[in-house]
Amino acid sequence: MSAPTASLPAASVAVIGGGPAGLMAAQVLAARGLRVEVYDAMPSVGRKFLMAGRGGMNLTHSEAAQPFLGRYGKRSAQIAPLLAGFDPQALRGWVHSLGIETFVGSSGRVFPTDMKAAPMLRAWLHRLREAGVQFHMRHRWLGWDDASGQLRFATPDGERLVRPDATVLALGGGSWARLGSDGAWVPLLAARGVDIAPLRPANCGFDVAWSEHFRTRFAGHPLKAVAIGLRDRDGVEHYRQGEFVITAGGIEGSLVYALSAPMRDLLEATGEATIHLDLAPGLPAERVAEAVQRPRGARSLSSHLQSKLGITGVKAGLLRECLSKEEFADPARLAAALKALPVRLLRARPIDEVISSAGGVAFEAMDAQLMLRAVPGVFCAGEMLDWEAPTGGYLLTACFASGRAAGLGASAWLKARGAAGR
Numbered sequence: 001m002s003a004p005t006a007s008l009p010a011a012s013v014a015v016i017g018g019g020p021a022g023l024m025a026a027q028v029l030a031a032r033g034l035r036v037e038v039y040d041a042m043p044s045v046g047r048k049f050l051m052a053g054r055g056g057m058n059l060t061h062s063e064a065a066q067p068f069l070g071r072y073g074k075r076s077a078q079i080a081p082l083l084a085g086f087d088p089q090a091l092r093g094w095v096h097s098l099g100i101e102t103f104v105g106s107s108g109r110v111f112p113t114d115m116k117a118a119p120m121l122r123a124w125l126h127r128l129r130e131a132g133v134q135f136h137m138r139h140r141w142l143g144w145d146d147a148s149g150q151l152r153f154a155t156p157d158g159e160r161l162v163r164p165d166a167t168v169l170a171l172g173g174g175s176w177a178r179l180g181s182d183g184a185w186v187p188l189l190a191a192r193g194v195d196i197a198p199l200r201p202a203n204c205g206f207d208v209a210w211s212e213h214f215r216t217r218f219a220g221h222p223l224k225a226v227a228i229g230l231r232d233r234d235g236v237e238h239y240r241q242g243e244f245v246i247t248a249g250g251i252e253g254s255l256v257y258a259l260s261a262p263m264r265d266l267l268e269a270t271g272e273a274t275i276h277l278d279l280a281p282g283l284p285a286e287r288v289a290e291a292v293q294r295p296r297g298a299r300s301l302s303s304h305l306q307s308k309l310g311i312t313g314v315k316a317g318l319l320r321e322c323l324s325k326e327e328f329a330d331p332a333r334l335a336a337a338l339k340a341l342p343v344r345l346l347r348a349r350p351i352d353e354v355i356s357s358a359g360g361v362a363f364e365a366m367d368a369q370l371m372l373r374a375v376p377g378v379f380c381a382g383e384m385l386d387w388e389a390p391t392g393g394y395l396l397t398a399c400f401a402s403g404r405a406a407g408l409g410a411s412a413w414l415k416a417r418g419a420a421g422r
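Taking full-length UniProt numbering, I'd label the letters of the sequence shown as residues 1 to 422.
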């Protein structure tokens, strides 16, 4: 009779980064019987997640699969398999499993019923702790120890070395450094031969050289019922309707964010970019020209535009700001400007103050399981990967989906190596 064999201890995985991608990877790994240790440089996890939820926690979007996937632009092909494993419907189901109900807003965006991020994060952390996940706060990752190959962390008690069986990196991009996403990981991975696209601002505002008069009078004013037209660096025409806000230094808001990628790319490629504002997107150009040229009698031109086209307030101010006196007085040129008012952009806002960042670890530097080819046993997820998407739930959905994929990849890799787990 053979002696009973002692069960092997579960393999350990270090998850570095406590945002949505890292926490989802931790959940997947813990569910497969692995020992999971989450490390984060901040005093608590999910700080950017909580900040994103302050104005209403937009989790995902309810639009059909193909247009949803198209929001990821040039990286749609790489994001597709991630969403195939965890799509918006699966994300909503998972949120419901936490005891948080959701609803679809009028814009198609999906929110928790209370619109808040904190209750969801609390429920999620409770689930993770119940599953045995351990959390280590104020642990800033410093890379690898050259002599031993162990992970290095700076902690309040000095440097700490850790040797996990696998590692998942979910360190975020380069925006909102004070919440933990500072891009400090870039040189650490580059030194290991990992191909990394430069981090760039995404979902960002842009600087415009407003006059002092316009800035003083209209900073903070929303522009509603407008459209932006832009010809990108490849000659493709973009036109999208929505709303945005005039700032003291330029423009920002949902419509600007939706087109920020081609605007940024054009600025980077040519050093300049001009957008064209349609101040009357509901009217064809012929109707606008007819209204402008209609006799106005004793009324001022401003009163005439307000009466016939509803052009008032900040829209009227923009016409005065962007047109010369001669152009404003010429009915044909004024009518053309109402449908395509040129606004020259100077630059994107700095990366640290924007919603998200583009660039990061190239998908070509990873295998299908999101493992770094240059560093076996290390997986990457979330915003640190080289993809971008507009606001509207697309950012969070891909973070969740990539975290799940990295967790599954690390589990499969450990299993193939004979490491303990389910």
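Simulated from the structure, these hints should not be mistaken for laboratory data.
Because the structure is a prediction, the values reported are computed rather than measured.
A couple of the hints might just be wrong.
Okay, the calculated beta carbon distance ranges per label pair [claimed, not checked]: (1) 350 x 107: 27 to 35 Å; (2) 104 x 191: 16 to 24 Å; (3) 301 x 350: 36 to 44 Å; (4) 66 x 328: 37 to 45 Å; (5) 222 x 417: 51 to 59 Å; (6) 137 x 320: 37 to 45 Å; (7) 269 x 106: 21 to 29 Å; (8) 238 x 287: 53 to 61 Å; (9) 184 x 417: 43 to 51 Å; (10) 222 x 131: 38 to 46 Å; (11) 131 x 417: 46 to 54 Å.
Where a beta carbon is used, it is the ideal one built from N, C-alpha and C, also for glycine.
Legend entry - Hint check against the structure, violated hint numbers in rising order: 2, 6, 7, 8, 9, 11
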